[in-house]
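Engineer: Now for the letters of each chain:
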Amino acid sequence: MPLFNKESIEEIKKKLKVWEEETIKNDISKYPERLPEFRNISGIVLKRFYTPVDLENYDYFEKLGFPGEYPFTRGIHATMYRGRIWTMRMFSGYGSPEYTNERLKFLLKHGETGLSLAFDFPTLLGLDADDPLSHGEVGVVGVSVSSLKDMEVIFDGIPMDQVTTNMTINPPAPVLLSFYIAAAEKQGVKPEQVGGTTQNDNLKEFFAQKSYVFPPEAGLKISLDVIEYSAKYLPKWNPISISGYHIREAGGTALQELAFTIADGIEYVRAGIKRGMDVDLFAPRLSFFFAAGTDLFEEVAKFRAARRMWAKIMKEKFNAKKTRSMWMRFHTQTSGVALTAQQPENNIVRVAIQALAAVLGGTQSLHTNSFDEAWALPSEKAAKIALRTQQILAYESGAADVVDPLAGSYYVEWLTDKMEEEAWKIIDRIEHVGGMVEAIKRGIPQREINDSAYKFQKEVENKQRIIVGVNEFIEDEKLEIPLLRFNQEEVEKHQIERLRKVREMRNSSSVEWSLKELKNAAQRNENIMPYVLKAVKVYATLGEIMNTLKEVYGEWVETPLF
Amino acid sequence: MGGNTSVLSAQEEVVPKRRIKVLVAKLGLDGHDRGAKVVARALKDAGMEVVYTGIRQTPEQVVNAAIQEDVDAIGISILSGAHMALIPRVMELLKERGMDDILVTVGGTIPTDDIKKLKSIGVAEVFIPGTPLSEIIEFIKKNVKRKTA
Chain A
1 MPLFNKESIE EIKKKLKVWE EETIKNDISK YPERLPEFRN ISGIVLKRFY TPVDLENYDY
61 FEKLGFPGEY PFTRGIHATM YRGRIWTMRM FSGYGSPEYT NERLKFLLKH GETGLSLAFD
121 FPTLLGLDAD DPLSHGEVGV VGVSVSSLKD MEVIFDGIPM DQVTTNMTIN PPAPVLLSFY
181 IAAAEKQGVK PEQVGGTTQN DNLKEFFAQK SYVFPPEAGL KISLDVIEYS AKYLPKWNPI
241 SISGYHIREA GGTALQELAF TIADGIEYVR AGIKRGMDVD LFAPRLSFFF AAGTDLFEEV
301 AKFRAARRMW AKIMKEKFNA KKTRSMWMRF HTQTSGVALT AQQPENNIVR VAIQALAAVL
361 GGTQSLHTNS FDEAWALPSE KAAKIALRTQ QILAYESGAA DVVDPLAGSY YVEWLTDKME
421 EEAWKIIDRI EHVGGMVEAI KRGIPQREIN DSAYKFQKEV ENKQRIIVGV NEFIEDEKLE
481 IPLLRFNQEE VEKHQIERLR KVREMRNSSS VEWSLKELKN AAQRNENIMP YVLKAVKVYA
541 TLGEIMNTLK EVYGEWVETP LF
Chain B
1001 MGGNTSVLSA QEEVVPKRRI KVLVAKLGLD GHDRGAKVVA RALKDAGMEV VYTGIRQTPE
1061 QVVNAAIQED VDAIGISILS GAHMALIPRV MELLKERGMD DILVTVGGTI PTDDIKKLKS
1121 IGVAEVFIPG TPLSEIIEFI KKNVKRKTA
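So the sequence lines, in the order shown, correspond to chains A and B.
Going left to right, the first sequence walks through residues 1 to 562 as the working numbering numbers them.
Going left to right, the second sequence walks through residues 1001 to 1149 as the working numbering numbers them.
None of these hints come from the bench; they were simulated from the model.
Given the structure is predicted, the values throughout are model-derived calculations rather than measurements.
Just to be clear, a hint being listed does not mean it is correct.
Below, computed lysine-lysine pairings styled on DSS-like, alpha-carbon distance capped at 30 Å [said to hold, decoys possible]:
(1) B/K1021 / A/K463
(2) A/K458 / B/K1119
(3) A/K221 / A/K458
Using the sequences and the hints, build the whole thing.
Structural biologist: So this is what it looks like as structure tokens:
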């Protein structure tokens, strides 16, 4: 049943025509518009304004429904933030496990409601702190973790049955998850009690975050191993966070982020089913991760379209029966690349708008970036302001008091539909070549993201897009803000020393045996998770486990394109 | 063009202007290659010859590539924060190989204090996020020291 009756639509159309011929013509002759054409980041051309005519034949229940009901456009929960505010989950971690332990406790003390670990590059790539390639990188962009010992220190004094932890980790996800399970067990917390998320989205690594290690097929296989294992043994764990955030950071548009992320999601679900798993046993624990840019309406439309699309895919394409399988639960991070090195305090305002977009878009958890993002890891003060921004949104703005408050805006509903329509076209193209693994091998998402990144930069150069403080309203400023500083060399030494002690105290024949077992399991194409967990418990290191897996799966080498 | 060069002036015939050749290098372990690729494309559009290394390059690999490709300039992109550990090594290796006439510029998230330090060891310029592409292009054109000049 259409939302607007035919007569009203006809009436509006008639008057709109008059408006276009009279009102607008007079107006434009006096006040020409700023641009010949207005486009959002996704390249969608925007009209001056929207009316019910843009929602002709709009079916309320098909497109929106009620909160907590299919197709979940309005939110996955019936009460949304009236019941519980989103989880305020600040991505944090730097230097040594000791420093990070301190930062986590600081954030918890100031009202953070979930933890999110940032690892350093060696950890992200599965290298031990004492690997020659790790030199200079240990502890720099996140915490250094090479063995179970490091994880024990990170969670020292933090009860692991009372916090949930997100770990941004991809190819080494089975290893870090095993560190987490084993550290929890040392605290007396059982695997079925641990809650949190491993990013474990290996597909997007090849065209977005670029911390790939194994080739795409092996990456997909390992992601599935974690999904399968979690479905059996870790009922509170989200084994994967299918991520659009990095697609955006790499230069993709909001539309590409939406489409590629869902295309990745389709690939994971298809692979899970192919493995013989029941879709309703693993789909409820799949989670997603998006960026929030500064164009409020485009972002809100993206989030709403994403939820609706995923619900349709799960129901219609994969025949999911459980409601939870159709839920797109997602974490949001405000966009890092949207923040500027120039006039950095302005970033506080950008983050507030982006965070508002995430809230109006119905996110389940949120990380707000710190205003010093374009310079360094967040200082304590900057991280606290970012957290306070969320608290202001939650308790002062009113945005959390009514579910899906932008619904029914002619513009937002039109744009939600438009984003969905355009995203399907991209997804169809990916599916047409055989899915995301094949598309990656052909360099399709890589090239498309490169093109968008370059186009965006050109628009900034030409001032088609204004960025305050960067290409307009520029100040001659002294670029000095207090940054987080720590002695990296000392952290590196400390981590190498701890690793040496771990290697010294452990039973090396158990380690060798566990690695051999792991290798055999990988060769037999078994799920590697149980073997990784065993190896971790006898203090096999991250690098040792990853090297063992590299022997079986090989390593991905990218053809550099620009 | 064939052999018909009569439309060219004598000078143009004798000294054909060689294009500036730049190595765009992603040093260190970070995969943030958006900036490197955008800059690489802009330099190419500005008429330069560009070689892009791809991600995760060590100082040794960068210097070897620069020598092998016989470049006039290296644009190092690094957003991992490991710049103070890795860039000095690049400069050292260039010096050892007698290639310190190659123009070295850096782009990335580099704190102000470190910019000063990098310049003191021979980095010609550090471009922070938000630097216009035109500024990078102009800088390289003006400052290359090798045979193109």
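Engineer: Confirm or reject each hint.
Structural biologist: Going through the hints against the structure:
1. B/K1021 / A/K463: Judged against 30 Å, a Cα distance of about 29 Å means the pair holds.
2. A/K458 / B/K1119: holds, 28 Å
3. A/K221 / A/K458: Judged against 30 Å, a Cα distance of about 39 Å means the pair is violated.
Of the numbered hints stated above, the single one contradicted by the structure is hint 3.
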